[in-house]
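Student: Put together the whole structure using the sequences plus the hints.
From first to last, the protein sequence lines are chains A, B, C, D and E. Quick note: the first sequence, position 112, residue 111 per numbering that gives the first Met the number 0, numbers continuous. Quick note: the second sequence, position 3, residue 2 per numbering that gives the first Met the number 0, numbers continuous. Quick note: the third sequence, position 91, residue 90 per numbering that gives the first Met the number 0, numbers continuous. Quick note: the fourth sequence, position 70, residue 69 per numbering that gives the first Met the number 0, numbers continuous. Quick note: the fifth sequence, position 13, residue 12 per numbering that gives the first Met the number 0, numbers continuous.
Do not rely on the hints blindly, as some may be mistaken.
Claimed, not checked - Taking CB as the label site, the calculated pair distances span:
| no. | chain 1 | residue 1 | chain 2 | residue 2 | range |
| --- | --- | --- | --- | --- | --- |
| 1 | D | Thr12 | A | Ser460 | 44 to 50 angstroms |
| 2 | C | Val54 | E | Gly89 | 42 to 48 angstroms |
| 3 | D | Glu1 | E | Ile4 | 50 to 56 angstroms |
Unchecked claim - Taking beta-carbon pairs under 7 angstroms as the criterion, some of the chain E residues facing chain C (in silico):
| no. | residue |
| --- | --- |
| 4 | Thr17 |
| 5 | Tyr19 |
| 6 | Leu29 |
| 7 | Ala112 |
| 8 | Ile114 |
| 9 | Asn115 |
Hints in this document: simulated from the structure, not taken from any laboratory. We put the CB at the ideal spot given by N, CA and C, even for glycine.
Listed below, chain by chain, are the residues.
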Amino acid sequence: MNILDILLQQSPALIVATPLLGAFLTPLIGKLGYNVRNIFIIIILAVTAFLVFLLASDVFSGNIHTYVFGGTTSTVLSNTVIRILFEVDGLSIFMAIITVILSLAAVIYSWAFMREETGQDKYYTLLLLMTTGMFGMVLTGDLFNFFVFLEITSIASCALIAFWTHKAKAVEAAFNYMVISTIGALFVLLSIAFLYGKYDALNIAKLASRITPVSFSFIDKLSLILLLAALTMKAGIAPMHMWLPDAYGRAPASISIILVGATQASLYGVFRICFTLYGNVIQIPEVSLGWIMVILGLITMLIGVFMAMIQIDFKKLIAYGALAELGYMFLGVGTGLTILSNPQLSLASNSFALQAMKGGIFHIINDALDVGLLFLVAGAVYYATKESSLNNLGGIARNMKYTTVFFLIGLLAVSGIPPMNGFASKLLIYESVYQLNPILAIIAILASIMLLAIMVKVFYSAFLGPKIDRFQDIREAPKSMLIAMGILASLIIFFGLFPDLIVNTLVEPAVKAITHPTSYILWLTGGV
Amino acid sequence: MIIELLHIIIPILIVATSLVAVLLRDLMASAISLAAMSLLLSLEFYILQAPDVAIAEAGVGACLTTAILVLAIKATARMEEES
Amino acid sequence: MIANIPFLAVMAMIIIGLATVVFKRNLIKMVIGVSIIESGVNLFLITLGYREHSVAPIYTASPGGIMSYPVPQALTLTSIVIGVAVLALMLSLVIYIYRHYKTLDIRKLGGGEE
Amino acid sequence: MEGRMLVAAGSLTIVSIFLIFGALLIHPFGVPNAYKMDQYIIDHTQNESGANNGVTAVVFDYRGFDTLGEATVLFTAVAGVILVFRRVKKE
Amino acid sequence: MMSKIVKTIAGISFPFITIYGLYVIAHGHLTPGGGFQGGAIVASGLILLLVAYGTDWIIEKIKESHLSILESLGALGFIGVAFLGLIFGGMFFTNFIAGTSMLFGGIPTSTAANINTGGTLPLMNFAVGLKVIAGLFAIVLVMAYAISKEEGE
Chain A
0 MNILDILLQQ
10 SPALIVATPL
20 LGAFLTPLIG
30 KLGYNVRNIF
40 IIIILAVTAF
50 LVFLLASDVF
60 SGNIHTYVFG
70 GTTSTVLSNT
80 VIRILFEVDG
90 LSIFMAIITV
100 ILSLAAVIYS
110 WAFMREETGQ
120 DKYYTLLLLM
130 TTGMFGMVLT
140 GDLFNFFVFL
150 EITSIASCAL
160 IAFWTHKAKA
170 VEAAFNYMVI
180 STIGALFVLL
190 SIAFLYGKYD
200 ALNIAKLASR
210 ITPVSFSFID
220 KLSLILLLAA
230 LTMKAGIAPM
240 HMWLPDAYGR
250 APASISIILV
260 GATQASLYGV
270 FRICFTLYGN
280 VIQIPEVSLG
290 WIMVILGLIT
300 MLIGVFMAMI
310 QIDFKKLIAY
320 GALAELGYMF
330 LGVGTGLTIL
340 SNPQLSLASN
350 SFALQAMKGG
360 IFHIINDALD
370 VGLLFLVAGA
380 VYYATKESSL
390 NNLGGIARNM
400 KYTTVFFLIG
410 LLAVSGIPPM
420 NGFASKLLIY
430 ESVYQLNPIL
440 AIIAILASIM
450 LLAIMVKVFY
460 SAFLGPKIDR
470 FQDIREAPKS
480 MLIAMGILAS
490 LIIFFGLFPD
500 LIVNTLVEPA
510 VKAITHPTSY
520 ILWLTGGV
Chain B
0 MIIELLHIII
10 PILIVATSLV
20 AVLLRDLMAS
30 AISLAAMSLL
40 LSLEFYILQA
50 PDVAIAEAGV
60 GACLTTAILV
70 LAIKATARME
80 EES
Chain C
0 MIANIPFLAV
10 MAMIIIGLAT
20 VVFKRNLIKM
30 VIGVSIIESG
40 VNLFLITLGY
50 REHSVAPIYT
60 ASPGGIMSYP
70 VPQALTLTSI
80 VIGVAVLALM
90 LSLVIYIYRH
100 YKTLDIRKLG
110 GGEE
Chain D
0 MEGRMLVAAG
10 SLTIVSIFLI
20 FGALLIHPFG
30 VPNAYKMDQY
40 IIDHTQNESG
50 ANNGVTAVVF
60 DYRGFDTLGE
70 ATVLFTAVAG
80 VILVFRRVKK
90 E
Chain E
0 MMSKIVKTIA
10 GISFPFITIY
20 GLYVIAHGHL
30 TPGGGFQGGA
40 IVASGLILLL
50 VAYGTDWIIE
60 KIKESHLSIL
70 ESLGALGFIG
80 VAFLGLIFGG
90 MFFTNFIAGT
100 SMLFGGIPTS
110 TAANINTGGT
120 LPLMNFAVGL
130 KVIAGLFAIV
140 LVMAYAISKE
150 EGE
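Tutor: Written as C-alpha cells, this is what we have:
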C-alpha cells in the first residue's frame, strides 16, 4: 500500500482536518511575521486542494467514498449506525471543488487587499474556519454533524461580515445575518430532533432508508418543512432574502466571495434533503415541492434583477445580481424535481429532467466563478479609489486596464453571453424549462437580458466615460489581487470554451448522485 | 408519583420564567429571569437523568450567559424603549 | 402517562422565543428570544432520550436497571456550547451597533453615516 | 409596517400550530420508540471505550468528531469576539 | 470595583471553585462532567474574580493574547489526540489506548470507579478543559475590557 492509497483512504477526514489544524496554528504562526503566515495559509489550502482532487479522482470513477470516524469496531451494524461517517458522492465533491477554488482565490486576493488592516491573524483564522465549515457541510453523512458545521460556517461568516466595525452598516448586516442564521440552525436542530425521535438514527443514509411511503406521517412532513424553511432562509431564497444583499455588500470583497460558497453550501443542504433524505418518498404529493421551488426561484430572480436596477452601491448591485443567479439554480433543479416526482411525466420526459438538473448544478459552479470575479473586481476598484458609490465613479478604465478586462469577462459571463460559461448553463436551463412551461423560460431569458443591461450601464458609468480629477493618478490593483482575479477569469473562459468536458466530468456525477438516491442509501450492501 | 408531579410543575415554571424574561421592560431584570430559567432548566435536566447536561447548563447557562448579558446591558441601555 | 406536558412546554418556549424575535424591537430582547429558543430545543432533545424509571447512563456506583439514552445528552452538550458561542458574538455585535447609533431600537437603525 | 406585522403574526401562528401538533403526535413522554443505536451504546460503552460515563463515551469516542466541531465553534466565537473588539484604523 | 468583603470572599472561594472544576475535568470519564462542564466551572470562578477585583487588576495578570495561545494549544492537543488515533488506530478519532496496557488503558467491568480507564477520553478531556477555560474566559475578558475602556474615554 503506497502513500497515495493511504492518503486517498483518509482523505475525507484530512480535507476537514487540514484547514482546521491550520486555523488552530494560525495564532501561533502569526507571531512569525506577515509573509510567513500568508505562505503557511496558502500551503494549507494547497494541500487541501490536492486532497480534494485526489478524492475527486476516486469519486468520479463511480465510487461513493465513506469514512467512519474512530471506527475499529462496531462501525456498521446491520440495523443501526453508531458512529459519525462521511459519505462522499458526486454532488459532495462537486461542492468541495467549488469551496476550494473560492477559498484559494480569496486568500491570494487578501494578501494585498488586507495588508493595511489590523487583526489579520484572526481574519485568516476565521477564513480557514469558514472553509472548514463548508467542507464539513458538504462532505458529511450525518445530520447532526451537518448542523455543527452549519454553525461553524455561520458564526465565522458573521464575524467576518462585521470585519470593518467602524462602518455601522456592516455591523448591522452581520447582526441581521446572525439572527437569521441562528434561528435557521435551531430549526434544523429541531427537525433533527424530531427525526431522531421517530426513526432512531442520525445518519442521512440510514434515515433515508427508514423514511418510506408507509412510515410517512405528520412528523416527517413537519421536519421536511422546518429543514427546507431553515435552509432556504440561509441560502437567501425569495421570502427571506433580505439579509443577503446587505451581508454580501458590506463584507470585505474577499469575504463576499467565500460567502457565495457558504450560501451554496446551504443550497447543497436543500438538494440533499429533497433528493436523498426524502428520496424514497419523492412522489408523495406533500414532498414533491418542485413547483414551489420553481416559483420561489422565479421570484428570487425577479427580485434580484429589479432591485439591482436601483442600486447605486457597486457591491450591493452585484449582490442583487448574485441573488438573481441563485434563482436560476433553484429554477433548474426545481424543474428537474417537478418532472422526476411526477410518475406520469417521469418516463416520457426524463431526459428533460436530467437536462434541467444539469443546468441547475452546472450553474452553481458558474455562479460561484462569475459572481466571485465581479466581487473581486468591485473590491479592487474600492481598494484603488476608496469609493463604492457608482455615482462618484467614472473613467477608471484608463488607469486600471486589467481590472476593466476582468470586469468585462465577469459581465458577459453573469448575463449568459457566449462564449462564457454562464451561457452554457443558462442554455440548458432555458431549454428544459421551456418544456415545462414556455412562459417561465421567457421570463428567465428576459431577466438575463435585464441583468446584461444593468451590468453594461455600470460598465459605462464606472469604467468608461470622462476621467474624473479625483481618480487622475489611481494605480492598478496589486499583483496578488490580479492573480486571484486572473484565476477565476481563466476558469470562466475555460468552462465557456469546453462546456461539454465540464458537464461530462464534473456535473454528470453530481446529477447522477441526486437523481439516483438509492446508491447513496444502500451503501450498507455496497460495502464500506 | 412525586417525580411525575415534578415533570409537570418544572416545565410550567420554566415557561413562566421565560415569559417573564420576555415581558419585563428592565433588561437587567430579564437577564436575571433568564438565569432563573437556566437554573430551573438544569434542575429539569437533572430529574430527566442527565446530570452531565445539568452541570453544563448550570455552569454555562446560569453563570456565563448571565455574565455576558449583564456586561452587554452595562455597555448599552438598561431600559427597553417605549413602543 | 403525563400527556406530553414536557413536549408542550418545549414548544411553548420555542413559540415565545420566536414571538420575541419577531415582535420585540429591542436588540437585547431579540438575543434573549434566541436564547430561549435554544433552551427549548435543548430541553426537547433531553426529553426525547428520557425513559420512565431510568437512571443516568453512568456506570460508576449505578444501582442498575434501565438507563436513559446517552446520545441526546451528548448532542445537547454540543448544542449548549454552541448556544453560548452564538450569544457572545451576537452581544458583541449589539454593543457595536449601540456605539454607532446610540440606540437599541431596531426601528431607529439604518440612518447615520455610511 | 402594519401589513408586515400581520404577515409575521400569521406565519407565527401557523408555525405554532404545526409545532404543537408535532409535540402531541410524537411518542408519549418517557416511552421512546425502540432505540437500537442508544441501546447498543449502553451495552458496549464499558468494553469499547473503557469509560464508565456513557455520555462522555459518546461525546469523545462515538461522536468525537461532533465534539471537535463544537470545540471549533467555541474557538470561532472567541476569534470572532476578539476580531470585533479589536482596534480599527479609521480612514 | 467591589467592597473588601466581596473581594475577600471571592479570594477564598476561588481556589475551591477551581479545584472542583479540575476534579470534574479529571473524573469526566467516571462521574458526571467532563472537559466542557469543568472548563465552564473554572471559567465561572475566574469571572467571579473579574467581578470582584475589577478588569484592570485581571488584565495586569493575564493578557488576552496569552489566553488566545492557551486556547490554541488546547485545541491542538485535542486534534493531536485525534491524529494519533489516525496513526496508531487506522482511523481519525480511534480510541487507540482503550484495552491496552498504557496509562488509562484499563477496561472497567464493574460499577466501581477506576481512574485508570477510558483510553483517549481523559486526554481529550484535559485538552478540551484547557481550551474551554481559556476560550470562555477570553470572551468575557475581552468584552469587559473593551467596555471599561469605552467608559474611560
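Student: A separate judgement is required for each hint: does it hold in the structure or not?
Tutor: Here's how the hints hold up against the structure:
no.	hint	result
1	D:Thr12 <-> A:Ser460: 44 to 50 angstroms	holds, 47 angstroms
2	C:Val54 <-> E:Gly89: 42 to 48 angstroms	violated, 35 angstroms
3	D:Glu1 <-> E:Ile4: 50 to 56 angstroms	holds, 54 angstroms
4	Thr17	violated, 20 angstroms
5	Tyr19	violated, 17 angstroms
6	Leu29	holds, 5 angstroms
7	Ala112	holds, 5 angstroms
8	Ile114	violated, 11 angstroms
9	Asn115	violated, 14 angstroms
The structure does not agree with the numbered hints 2, 4, 5, 8 and 9 stated previously, though it agrees with the rest.
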